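Peer 1: Line by line, the protein sequences give chains A and B.
Per this note's numbering, the first sequence starts with residue 1, numbered consecutively.
Per this note's numbering, the second sequence starts with residue 1, numbered consecutively.
Everything labelled a hint here was simulated from the structure, so no lab data went into it.
Be aware that a few hints might be false.
[Stated by the list, open to error] Here are the simulated SDA-like pairs of lysine to any residue, each with C-alpha atoms no more than 25 Å apart in a straight line:
| hint | chain 1 | residue 1 | chain 2 | residue 2 |
| --- | --- | --- | --- | --- |
| 1 | A | Lys-281 | B | Thr-352 |
| 2 | A | Lys-169 | A | Thr-112 |
| 3 | B | Lys-367 | A | Ala-331 |
| 4 | A | Lys-360 | B | Arg-422 |
| 5 | A | Lys-593 | B | Ala-576 |
| 6 | A | Lys-281 | A | Glu-335 |
| 7 | A | Lys-66 | B | Arg-422 |
[As the list claims (entries may be wrong)] So the derived label-pair ranges between C-beta atoms look like this:
| hint | chain 1 | residue 1 | chain 2 | residue 2 | range |
| --- | --- | --- | --- | --- | --- |
| 8 | A | Glu-344 | B | Asn-542 | 30 to 40 Å |
| 9 | A | Ala-294 | B | Val-484 | 41 to 51 Å |
| 10 | B | Thr-205 | A | Ser-208 | 54 to 64 Å |
| 11 | A | Asn-69 | B | Lys-203 | 49 to 59 Å |
| 12 | B | Thr-205 | A | Thr-352 | 42 to 52 Å |
[What the hints assert, rightly or not] From chain B, some residues computed to sit far from chain A (all C-beta separations above 12 Å):
| hint | residue |
| --- | --- |
| 13 | Leu-67 |
| 14 | Gly-117 |
| 15 | Ser-130 |
| 16 | Thr-175 |
| 17 | Arg-185 |
| 18 | Glu-263 |
| 19 | Asp-324 |
| 20 | Asp-347 |
| 21 | Arg-452 |
| 22 | Lys-494 |
| 23 | Gly-502 |
Since the model is a prediction, treat every value here as computed from it, not as a measurement.
All C-beta atoms, glycine included, are put in the ideal place defined by N, C-alpha and C.
Protein chains: 2
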Amino acid sequence: MTQACSLFAVSLYQAPATTADASSSDLKDVEEKIDGLAITTTAADEEVEKKTANFSSQSGLDKYSKLFNKTPIKDVLATGAALAKAGTGSGAEETDTDEVLLTAVVTGWVKTGRVAGGGAFAFVELNDGSTPLNLQAMVTEETATSSGLGSLKEITGTGCSLALEGDLKRTPKGTKQVVELKCTRVVYNGECDGGVYPIAKKKTTFESLRSQLHLRARTNTISAVARVRNALALATHLFFQENGFFYVHTPIIGTSDAEGAGEAFQVTTLPIQADAMMKRKLLSDEEMAALEAAASAKGSLVKEAKTQLKEDPKNEELKQLVKDRVDVLVAAKAEVEQAKHRRECPDGFQRTPEGVIDYKKDFFGLKSFLCVSGQLQGEAYACAMSKIYTFGPTFRAENSHTTRHAAEFWMIEPEIAFADLRDVMNCAEDYVKYCCKYLLQHCKDDLKFFNRMIDKKALARITQVADSKFARCSYTEAIEILEVEAKRRKGKKKFVHPVFWGCDLASEHERFIAEEHFKCPTILYNYPKEIKAFYMKLNDDNKTVAAMDVLVPGVGELVGGSQREENYEVLVQKMADAGLDAEEYSQYLDLRKYGTVPHGGFGLGFERLIMFTTGVENIRETLPYPRWPGNAEG
Amino acid sequence: MTQACSLFAVSLYQAPATTADASSSDLKDVEEKIDGLAITTTAADEEVEKKTANFSSQSGLDKYSKLFNKTPIKDVLATGAALAKAGTGSGAEETDTDEVLLTAVVTGWVKTGRVAGGGAFAFVELNDGSTPLNLQAMVTEETATSSGLGSLKEITGTGCSLALEGDLKRTPKGTKQVVELKCTRVVYNGECDGGVYPIAKKKTTFESLRSQLHLRARTNTISAVARVRNALALATHLFFQENGFFYVHTPIIGTSDAEGAGEAFQVTTLPIQADAMMKRKLLSDEEMAALEAAASAKGSLVKEAKTQLKEDPKNEELKQLVKDRVDVLVAAKAEVEQAKHRRECPDGFQRTPEGVIDYKKDFFGLKSFLCVSGQLQGEAYACAMSKIYTFGPTFRAENSHTTRHAAEFWMIEPEIAFADLRDVMNCAEDYVKYCCKYLLQHCKDDLKFFNRMIDKKALARITQVADSKFARCSYTEAIEILEVEAKRRKGKKKFVHPVFWGCDLASEHERFIAEEHFKCPTILYNYPKEIKAFYMKLNDDNKTVAAMDVLVPGVGELVGGSQREENYEVLVQKMADAGLDAEEYSQYLDLRKYGTVPHGGFGLGFERLIMFTTGVENIRETLPYPRWPGNAEG
């Protein structure tokens with residue numbers, strides 16, 4: 001190990017990712033372009049890169065897997081590739097396949113394996129999730145036997161787990177892999193019966209993988225998504241922390257039902273209690289009367305005994321009799337109360353006189369729901385801490401089966417005090433760019449995978465967003481542009497939806513503006529007040545509000561945000577116009593009453609960012625455990 | 001501004017935090033010790049410090065508040081203190097109070113303010129949440145007037161929002177503040193009526209602040225908690241990312257009811273639908289029959305019209321009549337169906353033949369709950385990605401009103417594949433230490449505040465944990481130690497709970513072990529299998545399982561973890577022993593069936609870490625929007 005350790009500090013991305021197999025020269029071209037990517041970098045960008053570079057280089061032994069003293073495959077491959085290259089000058093005709101580049105223990109799960117040489121040795125492609133790249137390992141029959149294995153077949157099945165010790169060596173020239181591990185010992189193996197393993201080697205559909213959520217992270221695509229998701233989450237924290245934002249955990253459970261749109265899940269303990277109550281017998285009037293009579297009789301028995309005791313107050317037996325009969329009476333009375341309660345809740349629920357479920361009896365003492373946004377609470381924290389962001393799960397009970405909707409998803413919602421719409425737009429643009437740059441710097445192999453296997457435009461899209469200044473265009477200007485275009489268009493190419501000032505822009509309009517007119521990511525702003533939410537700041541024109549949407553190629557709207565109305569009277573009026581109850585929003589109004597400040601923020605659906613960067617088409621592949629109507633398992 | 005900008009890069013913590021007012025010399029001693037804190041640092045620690053140092057230094061103008069071109073108060077104070085010091089040699093008798101150290105716009109909310117000099121000027125203490133320290137600003141009546149204010153009183157009320165432009169100057173020697181801002185312009189102000197402002201200047205109780213969740217982040221303690229919470233969240237991500245763990249979002253909604261312990265909140269859309277259904281009239285048998293008869297009559301009318309049309313097939317009027325009558329019939333039939341459905345659900349709920357609510361009709365098609373842990377899904381991801389961690393909200397429907405329980409809280413749950421209990425213990429110890437070190441490096445002013453105002457032992461506790469190697473002691477050894485102590489103890493000091501091998505350790509036992517016996521953070525491990533969860537790995541002694549708890553001074557158990565049982569047969573047996581249904585855990589068992597690996601992990605309640613580091617005694621102060629029985633508002 002000593003030889004390797006000192007060299008493991010080499011960053012993965014400084015080493016050529018030569019183990020990736022490019023299936024066509026076209027693709028190779030694209031990827032080489034990406035390798036030499038000329039993203040315009042400013043001094044600030046370089047600062048970011050310096051700060052974050054550390055997260056991509058895992059160096060040497062895995063600190064928390066001392067059990068095997070293993071090294072992540074990502075590091076073995078990176079260091080191995082660097083060492084392999086260092087030893088061979090460009091002019092060398094022969095490759096030295098004997099030199100031990102490094103010695104390491106690696107662990108992981110077999111992607112593919114085969115026995116070769118008439119049973120003399122086996123090749124396995126091992127993956128441990130640290131990188132999309134597999135490590136090729138070669139195990140001889142001798143090594144297998146000396147390691148206590150019965151047969152090489154015990155380690156070649158897809159899905160087998162392995163810990164292998166070996167020497168990393170160069171492969172002969174012309175081999176797909178640059179290096180391979182010649183195993184000296186099989187340290188550990190866990191078998192996997194290929195006959196029943198649900199995620200077989202052969203190509204499978206995303207849909208069928210959704211019934212194997214616990215195993216699908218072992219597939220190339222889902223594990224690449226997991227790494228990109230991880231990188232984007234970290235990039236999110238780094239961006240906001242570097243800019244002085246505080247991370248705030250806004251509540252998941254709350255009392256807002258999202259304006260009663262039926263999109264909020266209810267959180268309750270009542271149905272469980274109701275089902276328990278239903279298991280108790282519901283007495284008829286006669287049965288109830290009999291129960292009460294029985295209790296009353298027990299009361300008489302107590303009285304009787306007490307009278308006897310009065311006459312003979314020192315009689316210990318009588319004292320005991322009174323005690324016993326009181327106990328019986330208490331139990332009988334409790335039974336009566338329970339039975340009455342059961343009769344009050346014939347269906348198990350306590351109800352108000354109007355017949356609706358009485359939520360005063362619920363866990364929180366009122367109807368409560370899963371959050372659909374953390375914005376309102378985020379504003380409160382911004383109006384104390386100046387700059388905050390949320391990053392947490394959000395919920396929609398929409399009965400939607402599209403590829404873009406999930407019942408549970410993650411949102412990022414920054415909020416900035418002492419800021420206006422321009423500040424919000426600047427922040428959104430910088431954040432999205434930061435995420436793209438971060439991925440290009442830290443997930444190159446995964447991005448190449450997506451570009452090759454999922455979406456041939458993915459890399460070009462990310463690079464463009466990382467690199468270009470976003471266009472900014474007011475809604476009114478956009479309508480003018482669209483009206484000109486609408487006149488120009490004829491026949492089939494006509495816009496389906498009519499264009500006029502005041503219309504809600506359709507996807508076809510947004511796409512024309514961003515993809516055809518400006519040909520770059522575009523921020524639209526200052527929308528008609530009628531088509532936007534009540535809390536958005538009314539502009540001086542009295543017609544538009546300070547709202548903005550960020551449109552990016554491929555997915556359309558990625559970010560929506562606004563400056564918030566900070567004027568108390570205007571907000572009260574806007575709420576009345578929207579038919580909202582000021583009482584329910586008293587805390588929100590308080591922020592405008594006590595030291596109000598201009599402020600604003602935006603929301604970004606995290607999964608949409610993942611879909612945008614990876615090209616994955618269904619949101620159900622971007623979430624580790626997606627939830628949608630009819631599906632909450634795994 | 002130009003003068004300031006180039007100097008703003010000075011880190012806050014390189015500058016002396018001289019603006020803090022120490023109320024006693026004792027406290028000052030403790031704090032000075034903390035300033036010169038000699039935490040044993042290794043090369044790795046320094047690496048960490050280097051990486052993370054950037055997050056504490058906000059430099060210069062606030063990028064996303066161009067509206068005011070403001071600078072965070074944290075930076076103004078840090079740079080100001082450094083500049084003030086640089087200009088005055090230690091021997092200087094006189095302080096130059098005229099020199100403009102820097103010019104800046106600051107924003108924030110007034111903590112306290114007063115008009116002085118017979119109305120000639122006002123002092124305000126301004127806070128923007130970027131630091132616990134306030135900036136003192138002085139505004140003359142002239143400045144107020146030229147800025148359009150009617151009176152200085154408009155800006156001195158607690159809670160007022162302000163944007164002030166001014167020159168930062170030294171204060172005369174002996175003044176509590178080192179620097180103050182001499183305002184040249186009041187750029188913005190938002191009034192706050194002290195008479196009705198719910199969080200008054202005078203001391204208030206934490207309990208009363210809980211009814212003002214939207215404003216309480218403006219108080220010293222809650223904003224300090226918010227900064228510590230933010231720092232610990234970032235430290236969590238940095239620690240795991242630096243060590244190659246992937247952040248995984250395990251699901252919030254799932255089908256596990258936590259073994260039916262009644263601790264899971266149900267997530268449902270049925271009660272809302274039921275309440276809507278209850279608003280529709282429930283028809284009697286007679287009414288139902290009448291409705292059906294009416295529909296049937298409408299059917300006859302259709303037939304009649306059709307017969308007529310057959311006789312006169314070109315009659316347009318008849319055609320229309322058929323159409324109209326069909327429409328009426330369809331509507332009538334729908335009404336019948338609705339009424340039938342309503343009669344099937346007399347209480348609004350669809351029920352199974354057994355009378356229990358039919359969850360097949362619920363949003364997810366089955367009974368679903370809020371997660372009580374992400375461990376099971378975390379294990380699945382670790383068995384693909386090798387090292388993962390979760391950091392998300394978790395829920396308990398316990399009817400608990402203690403200071404340590406919340407219905408909604410955040411948990412961190414790492415999971416490591418190819419690891420054993422020792423690896424898990426190493427990881428937990430390093431993580432907790434990392435968090436403490438991170439706070440000492442990045443939240444010194446907040447920690448000083450807590451140490452002064454909330455818990456005089458807080459700083460000593462964090463420093464000890466950051467600095468000392470944790471003791472490790474098996475459960476069996478712990479019992480031996482406790483038995484010796486139990487014999488030694490007499491009278492009132494006796495343990496309340498009996499000590500014997502197999503007993504669940506009580507808090508008094510844990511505290512003796514950690515605080516009195518080892519006198520340092522202690523990890524207890526290898527507990528009797530009977531008192532631990534089914535999934536923990538059975539040790540070779542067949543009596544204990546590979547479980548561990550980390551005990552820290554002050555709060556007791558901070559972390560609980562284990563190696564997981566990776567042997568399929570053993571796990572099946574343990575589940576049977578625990579009375580669990582193997583069918584329900586089939587995915588969990590699959591991980592042991594397909595390439596099983598030794599693995600383990602731990603869980604840490606994030607709020608407990610905050611209570612431990614700040615000394616805040618009630619969990620309700622550690623969450624921005626705490627939820628407990630009867631409380632989900634705000």
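Peer 1: Next step is simple, just say for each hint if it's right about the structure.
Peer 2: Status of each hint after checking the structure:
no.: 1; hint: Lys-281/A / Thr-352/B; result: 17 Å, holds
no.: 2; hint: Lys-169/A / Thr-112/A; result: 20 Å, holds
no.: 3; hint: Lys-367/B / Ala-331/A; result: 35 Å, violated
no.: 4; hint: Lys-360/A / Arg-422/B; result: 49 Å, violated
no.: 5; hint: Lys-593/A / Ala-576/B; result: 60 Å, violated
no.: 6; hint: Lys-281/A / Glu-335/A; result: 12 Å, holds
no.: 7; hint: Lys-66/A / Arg-422/B; result: 8 Å, holds
no.: 8; hint: Glu-344/A / Asn-542/B: 30 to 40 Å; result: 53 Å, violated
no.: 9; hint: Ala-294/A / Val-484/B: 41 to 51 Å; result: 58 Å, violated
no.: 10; hint: Thr-205/B / Ser-208/A: 54 to 64 Å; result: 58 Å, holds
no.: 11; hint: Asn-69/A / Lys-203/B: 49 to 59 Å; result: 57 Å, holds
no.: 12; hint: Thr-205/B / Thr-352/A: 42 to 52 Å; result: 34 Å, violated
no.: 13; hint: Leu-67; result: 5 Å, violated
no.: 14; hint: Gly-117; result: 25 Å, holds
no.: 15; hint: Ser-130; result: 6 Å, violated
no.: 16; hint: Thr-175; result: 26 Å, holds
no.: 17; hint: Arg-185; result: 15 Å, holds
no.: 18; hint: Glu-263; result: 10 Å, violated
no.: 19; hint: Asp-324; result: 32 Å, holds
no.: 20; hint: Asp-347; result: 4 Å, violated
no.: 21; hint: Arg-452; result: 21 Å, holds
no.: 22; hint: Lys-494; result: 34 Å, holds
no.: 23; hint: Gly-502; result: 28 Å, holds
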